[in-house]
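2 protein chains.
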Amino acid sequence: MAYDFWYWDGIPGRGEFVRLALEAGAVPYRECARSSANALPDDMQSARKHPPFAPPYLISGEMVIAQTANILMFLGEKHGLAPASYEGRLWVNQLQLTIADMVAEVHDTHHPVSADAYYEDQQAEAVVKAHSFRKTRLPKYLAYFESLLAMPDSWLADGQWSYADLSLFQLIDGLLYAFPRRMHTLTPDYPNIMSLHRRVAALPQLQAYFQSSRRLPYNENGIFRHYPQLDGE
Amino acid sequence: MAYDFWYWDGIPGRGEFVRLALEAGAVPYRECARSSANALPDDMQSARKHPPFAPPYLISGEMVIAQTANILMFLGEKHGLAPASYEGRLWVNQLQLTIADMVAEVHDTHHPVSADAYYEDQQAEAVVKAHSFRKTRLPKYLAYFESLLAMPDSWLADGQWSYADLSLFQLIDGLLYAFPRRMHTLTPDYPNIMSLHRRVAALPQLQAYFQSSRRLPYNENGIFRHYPQLDGE
Chain A
1 MAYDFWYWDG IPGRGEFVRL ALEAGAVPYR ECARSSANAL PDDMQSARKH PPFAPPYLIS
61 GEMVIAQTAN ILMFLGEKHG LAPASYEGRL WVNQLQLTIA DMVAEVHDTH HPVSADAYYE
121 DQQAEAVVKA HSFRKTRLPK YLAYFESLLA MPDSWLADGQ WSYADLSLFQ LIDGLLYAFP
181 RRMHTLTPDY PNIMSLHRRV AALPQLQAYF QSSRRLPYNE NGIFRHYPQL DGE
Chain B
1 MAYDFWYWDG IPGRGEFVRL ALEAGAVPYR ECARSSANAL PDDMQSARKH PPFAPPYLIS
61 GEMVIAQTAN ILMFLGEKHG LAPASYEGRL WVNQLQLTIA DMVAEVHDTH HPVSADAYYE
121 DQQAEAVVKA HSFRKTRLPK YLAYFESLLA MPDSWLADGQ WSYADLSLFQ LIDGLLYAFP
181 RRMHTLTPDY PNIMSLHRRV AALPQLQAYF QSSRRLPYNE NGIFRHYPQL DGE
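Those protein sequence lines, which keep their order, are chains A and B. First residue of the first sequence: 1, per full-length UniProt numbering; consecutive thereafter. First residue of the second sequence: 1, per full-length UniProt numbering; consecutive thereafter.
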């Protein structure tokens, strides 16, 4: 039975972390907000036992599962996209939550003072926030993930890829789009992260997806936005 | 065997969500950064299989578990602080992640543009951020949690308290400290949340803790800070 997957249409966003796991695991799903006449907020507000606060969310029979890391934990265990051991699954969940923290910081570079106002209305604050992110937070996170990858062919857990590797790929991919100048300066220091990015990009399981219209391009409505004034060497 | 628990000394912070679960579950633990000669960063940087990016983290034998929600999921399952069913545990994890999102937004009200600079150096931006938080985000989150509590004696899952209820208590408690004027205006609209706050405050399992020096007071170094200029009706 295919899952119903709900996320805002038109942006990769947080939904993309779930999509990569579904696609790499060859898990059947319906992209509901793109294929259905039902609008997302209407669906979300319909009566359910366990309502989500926000998309993305996944519907599996009577179950509704929200929060990106929670969805991935569910999919990881059920579809072999996470280590088999309990300790390994906790580790992958811990990594996913650290990736989620960094994703939230990336979002806040263009929305530092109000999630509900336009970027253009908080651009001065965004310049300050993005500078701090590029200078301090970005290299701190990258150094952490690089430290977990001992060799150029390392994965984050158990010697094979898990959903956390797919998510780290997506994070790096988005950063390359949003901050190309800063990433050009930094990436030579993080060769094993960049190797992981290339190896996920080349996974046979993902080639059809990457070439399809299901993989949405980055744009300036999503989390990873390219504003030249927020980038720098 | 007691867990080793590591978190910055001197603030409740994210560590408090873990402490409440440990204390309410009568789980033995050592508060290492407060009782040990070892400084926290030194411990964190020591070689481990699964190093944390940041505190809090818990050490159980050879296992190191970081990220607040991940620690709570581990404790919840092992010590009966979460529903017994898999679906129930996913639901409680989902709630915890939504609470974590709100905690991050509270932190950002006083640190909107740089996590590494002082509040005093970003006060103008903080005033804008806090206004947006008080006006839009705070009532949106509160309305969500209120909608999950059907009656004044409801808990978030399964008719009995779980670690998510302890965390919602801590979130509300911190908001009452940080934004007393705004909460005074808003709380009449959320009677079931406020009932949950009172019922956790009165849990017999937590009375000794609340009266001990282990329960740290809020202050202006933590996540929940009271700056009058960031509050308002």
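Simulated from the structure, these hints should not be mistaken for lab results. It should be emphasised that the depicted structure is a prediction, and the values quoted were computed from it without experimental measurement. Among the clues, some could well be false.
[Stated by the list, open to error] To give a feel for the contact side, a few chain B residues facing chain A, derived at Cβ under 7 Å:
1. F53
2. I65
3. Q67
4. N70
5. S85
6. E87
7. N93
8. S114
9. Y118
10. E120
11. Q123
12. V127
13. S132
14. T136
15. M183
16. R199
For glycine and all other residues, C-beta sits at the position ideal for the given N, C-alpha and C.
Results of checking the hints against the structure:
no. : hint : in the structure
1   : F53  : holds (5 Å)
2   : I65  : holds (6 Å)
3   : Q67  : holds (4 Å)
4   : N70  : holds (5 Å)
5   : S85  : violated (11 Å)
6   : E87  : holds (6 Å)
7   : N93  : holds (5 Å)
8   : S114 : holds (4 Å)
9   : Y118 : violated (13 Å)
10  : E120 : violated (15 Å)
11  : Q123 : violated (12 Å)
12  : V127 : violated (9 Å)
13  : S132 : holds (4 Å)
14  : T136 : holds (5 Å)
15  : M183 : violated (20 Å)
16  : R199 : violated (21 Å)
Hint compliance for this structure: hints 5, 9, 10, 11, 12, 15, 16 are not met, and every other hint is.
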